[in-house]
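Number of protein chains: 2
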Amino acid sequence: MKLNPISGFPERLPNERIFEQEIIEKIKKIYEAFSFVPLETRAIEYLSTLTSKGSDDKEIYSLKRALAPQEEREKDPFALHFDLTVPFARYVAENLSKLNFPFRRYQVQKVWRGERPQKGRYREFYQFDIDVISRDELPLSLEAEVLEAYAKAWSVFDSLDFKIYFNNRKILLGFYESLKIDENKRASVIREVDKINKIFEDGVREELKKLEINDDAINKILEFSKVKLSPKDGINYLKSFNINSELFKQGINEIETIFSLLSESTLSKFVVDLSLARGLDYYTGSIFEVKLDNYPEYGSLGAGGSYQNLCGNFINKQLPGMGASIGITRIISLLIDNKLVNLKNTLTKVLVAVYNEEQRKECNKIANTLRELGCNTEFFYKSSKIGKQIEYADKLGIRNVIFLDPENDNKISIKDLINKTQEDVDDIYKWWGYAKNRI
Amino acid sequence: MKLNPISGFPERLPNERIFEQEIIEKIKKIYEAFSFVPLETRAIEYLSTLTSKGSDDKEIYSLKRALAPQEEREKDPFALHFDLTVPFARYVAENLSKLNFPFRRYQVQKVWRGERPQKGRYREFYQFDIDVISRDELPLSLEAEVLEAYAKAWSVFDSLDFKIYFNNRKILLGFYESLKIDENKRASVIREVDKINKIFEDGVREELKKLEINDDAINKILEFSKVKLSPKDGINYLKSFNINSELFKQGINEIETIFSLLSESTLSKFVVDLSLARGLDYYTGSIFEVKLDNYPEYGSLGAGGSYQNLCGNFINKQLPGMGASIGITRIISLLIDNKLVNLKNTLTKVLVAVYNEEQRKECNKIANTLRELGCNTEFFYKSSKIGKQIEYADKLGIRNVIFLDPENDNKISIKDLINKTQEDVDDIYKWWGYAKNRI
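In order, the protein sequence lines correspond to chains H and Z. Each residue of the first sequence is one higher than the one before, starting from 4 at the first, in the numbering used here. Each residue of the second sequence is one higher than the one before, starting from 4 at the first, in the numbering used here.
What the hints contain is simulated information worked out from the structure, not anything from laboratory work. One or more of the hints may lead you astray.
[To be verified] Pairwise CB distance ranges (calculated): (1) H:K101 x Z:R441: 27 to 35 Å; (2) H:E226 x Z:D397: 49 to 57 Å; (3) Z:D408 x H:R138: 28 to 36 Å; (4) H:E426 x Z:R441: 35 to 43 Å.
Quantities reported herein were computed from a predicted structural model and do not represent experimental measurements. Cβ coordinates follow ideal geometry from the N, Cα and C atoms, glycine included.
Take these sequences, add in the hints, and give me the full structure.
This is the structure in structure tokens:
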């Protein structure tokens with residue numbers, strides 16, 4: 004039987020999974036603090052649902068029953084979702100009357116993309132998304148709330164100096180309008196500008212020429228794209244433009260209002276980046292991306308934006324909202340690959356050792372008592388020399404070893420392997436009472 | 004675009020998902036208390052890996068890239084796992100040198116089976132598994148530990164009177180040996196006896212006749228299958244047999260030893276059930292199944308057993324262990340379908356209301372302060388009449404509404420919608436300090 008890892012389908016060792024799960028839990032708690040509710044959608048959708056958004060169809064995995072006869076294959080097969088946004092839009096449309104609006108949800112699930120694996124690119128990986136979606140208009144205060152929560156979520160990676168690069172589609176479209184670029188070309192210009200980190204200035208110039216944009220406009224677009232400024236300087240820079248475009252002014256106003264509602268610590272993570280365009284069609288206002296300057300090879304680690312009409316493919320109703328995504332698998336891999344994290348082999352705090360089989364039942368009771376008190380406890384699986392059991396605890400990183408000392412009337416004794424102390428204990432409840440905040 | 008639910012692929016409403024997630028979290032904490040580590044395997048395996056165990060191949064979903072040309076299809080395609088046991092065996096074999104033994108892991112993931120959906124049967128569903136696996140022999144104390152943890156996990160469903168039906172393959176095989184049934188027929192007899200709840204006594208009699216078992220033996224097998232007794236009576240009953248089979252005696256000894264190591268509250272959940280056979284080939288000793296007498300239509304809600312050699316298809320090494328599984332999706336559906344649970348619409352404790360836009364920044368600060376203190380807080384999305392905002396909180400089940408009272412110098416005021424009280428608060432930190440354990 005085949006035993007090799009499959010490229011693009013990462014699996015974690017237990018210590019890595021402990022870390023990954025802890026991070027996911029911490030982020031959940033932060034989003035819950037901002038009143039997002041948990042949601043999960045099924046992993047499969049109809050293929051026709053997934054191919055409707057102009058996505059890269061070749062990357063989608065469709066399903067068939069392994070040994071089903073040829074004629075049983077459906078015209079519209081099931082397929083694995085490749086992101087959480089399309090399923091979320093479908094879910095909201097399907098359950099419209101049962102949801103409370105504004106609907107804030109978080110969703111952390113695996114998604115699948117049949118692309119060529121490379122650094123930071125997987126075929127099975129976790130996304131962690133939030134969205135807030137409204138039934139009427141979307142106040143900018145809700146956008147600010149999403150961004151506040153999103154920045155707080157990133158702060159769980161305390162060793163990382165992340166930045167949220169921020170822009171607004173209205174600013175880009177307004178700017179292109181002022182350059183007299185045809186309205187029907189502006190979306191294409193956005194898609195080309197979005198490639199600036201991959202194909203660089205010369206590449207973008209080339210592509211814009213193909214769109215028959217004149218040289219003067221191209222120069223101005225590329226000049227504009229160079230701007231990366233702090234929130235305050237960014238807004239001042241934008242205000243210094245004297246452009247006759249309502250859209251442009253609206254965009255500036257949106258950025259300014261949102262920034263005014265962010266906490267100082269969150270705002271300090273933001274960079275106004277006028278090169279940022281985001282490829283996806285559905286964004287209409289705010290757009291943003293999280294990157295780490297020190298690890299450009301991992302690309303974008305998260306992104307999002309606001310939209311006017313996410314569910315338009317499903318229902319005849321405008322539901323504006325904002326979404327923000329964290330590429331969990333990618334960021335966890337970055338941290339592990341670059342040894343930026345101390346991995347724990349165990350969540351266990353106490354090892355109950357057992358000298359001999361006569362002690363087993365009593366030791367078992369102690370272990371169960373500790374577990375009920377909320378202390379993660381391992382019971383050594385066979386009676387053997389106490390030194391061997393301590394060695395085992397030490398190797399795994401279990402801090403305390405409890406044993407019944409046969410040389411001391413089978414009294415409970417506790418070794419602390421970090422402080423290198425040993426104490427006799429009369430009452431295990433009492434011991435845990437003061438030890439729980441220490442270990 | 005299609006908006007209908009897909010049969011067999013359940014999706015939860017937010018209040019249902021809040022509950023499902025809480026249950027999963029509680030069970031994780033219990034297994035962690037017993038020193039199990041979290042693990043996840045990729046959702047896909049090679050099809051050849053999944054079809055190796057004599058499983059029902061027709062149920063397996065294999066993957067293909069949606070628009071990949073015919074000739075690109077692999078001979079051995081990827082497929083979605085249909086349980087967590089085969090992937091776990093593959094993972095252990097693959098990472099043998101990197102794991103600590105005895106290796107205790109929990110694993111909660113979705114699995115997929117292309118079967119016909121019916122009550123309690125899904126095509127996409129959660130399994131929650133634990134296993135302990137050893138590199139040398141497996142002491143019965145480890146089996147007892149798995150069962151203790153498993154029973155504790157079931158106790159999170161405090162409204163349910165679950166029972167763990169327990170048997171041992173050695174008892175069955177020893178009993179068949181004493182009936183002079185050919186050694187090579189005994190596994191087939193087990194598979195037929197396992198169907199007793201589906202095809203009943205007459206059906207089993209029919210099938211055993213086909214295996215050319217004589218009438219006397221069939222009668223004794225069916226008689227034996229009727230036994231359902233408490234742990235103590237069950238062991239006494241088995242001991243009363245005067246059977247000349249080492250295997251039979253070994254089986255009794257195993258059950259007795261395991262029971263002697265269980266806590267009283269856990270043992271009280273056990274029923275010795277000599278009809279229990281379990282269809283899967285790899286079990287060699289203990290076998291068990293969890294059922295609810297009141298809800299027979301949901302079938303088995305969980306099951307497990309011990310095995311001598313789970314990884315034999317992957318490596319040339321005997322790794323004995325024991326596994327136990329909870330059918331999370333099935334039990335959650337049972338609870339929701341039968342209204343056995345009070346669902347919460349929100350995890351939020353406080354709604355910060357906002358009278359007018361002048362208050363927005365101050366209210367935003369209060370909300371962020373509460374969030375940092377660990378209080379899940381929603382900020383009402385627009386300024387409007389306070390009554391409307393209180394109504395909203397009430398409808399969702401948010402207990403407290405905080406607002407700046409413009410008629411009282413914008414002092415912080417807190418309404419408790421359950422106690423129907425209102426108080427002015429000078430210090431939000433202080434308020435949360437005493438409120439956090441109350442709300």
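Hint-by-hint comparison with the structure:
Distance hint check: the CB atoms of H:K101 and Z:R441 are about 31 Å apart, consistent with the given range 27 to 35 Å. Range check, H:E226 to Z:D397: about 55 Å between beta-carbon atoms, so the 49 to 57 Å window is met. For Z:D408 and H:R138, the Cβ-Cβ distance of about 29 Å falls inside the hinted range of 28 to 36 Å, so the restraint holds. Between H:E426 and Z:R441 the beta carbons are some 36 Å apart, a value that agrees with the proposed interval 35 to 43 Å.
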